[in-house]
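Enquirer: We have chain A; now place chain B onto it with these hints.
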Amino acid sequence: KNEVEQSPQNLTAQEGEFITINCSYSVGISALHWLQQHPGGGIVSLFMLSSGKKKHGRLIATINIQEKHSSLHITASHPRDSAVYICAVGNEKLTFGTGTRLTIIP
Amino acid sequence: GAGVSQSPSNKVTEKGKDVELRCDPISGHTALYWYRQSLGQGLEFLIYFQGNSAPDKSGLPSDRFSAERTGGSVSTLTIQRTQQEDSAVYLCASSATGERFHNEQFFGPGTRLTVL
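Keeping their order, the protein sequence lines are chains A and B.
Quick note, the first sequence lines up with residues 1 to 106 if you use this note's numbering.
Quick note, the second sequence lines up with residues 107 to 222 if you use this note's numbering.
Excised from the complex, chain A in its bound form:
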């Protein structure tokens, strides 16, 4: 069993829909990261959080330490949000989930 599990693996939605991607982990962590990888491979760090909730534009990330679970939400989704979203845990040495491929259809 992977230490970091993401769901769903693939998600297709219509433009404007509210998107939720989930991440569960089985190890104690100091921090959880949400990363975005666009076609072509570039990876961008979206959030790093260790408790509570963070918001950046249309993106919201939450974490529940007791339940070892985090969610990434996208409000008013847009085709440019289409990417692979990766959850990772750790402070320096990261352990990664397998990613969620999100496709937003116009």
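Please keep in mind that the hints were generated in silico from the structure rather than gathered at the bench.
Being a predicted model, the structure only gives us computed values, none of them experimental.
All residues carry an ideal CB built from backbone N, CA and C; glycine is no exception.
Careful: at least some of the hints might be erroneous.
[Stated by the list, open to error] Partial pick of chain B residues on the chain A-facing surface, computed with a CB cut under 10 angstroms:
#1 Gln143
#2 Gln211
#3 Gly216
Expert: What follows is chain B alone, placed relative to chain A:
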């Protein structure tokens, strides 16, 4: 400012040859990381450098893999006697340490290695 850069962007080599992959971190970042993303696989940690401390090599898959970081800046990942299973995208990241920076990692564009 400049982000993390990696070279070459693509490398095709023959099985058994040695390859060197280069990473230039963001200026002033004390931490540098190497990761690997194999086709159809997730990202995996390879090695981590922090300042002048001994690197954390726990993710290196075999003794054919080594890395060094000269002068606390540029890093080179070397793979000796390459095998086909080494084909992957090798990603480098750097971060500024300290509570203020939260250790956010900034990723380079990667080097796509193909071993024939």
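Enquirer: Of all the hints numbered above, which does this structure not satisfy? Sort the numbers upward.
Expert: none
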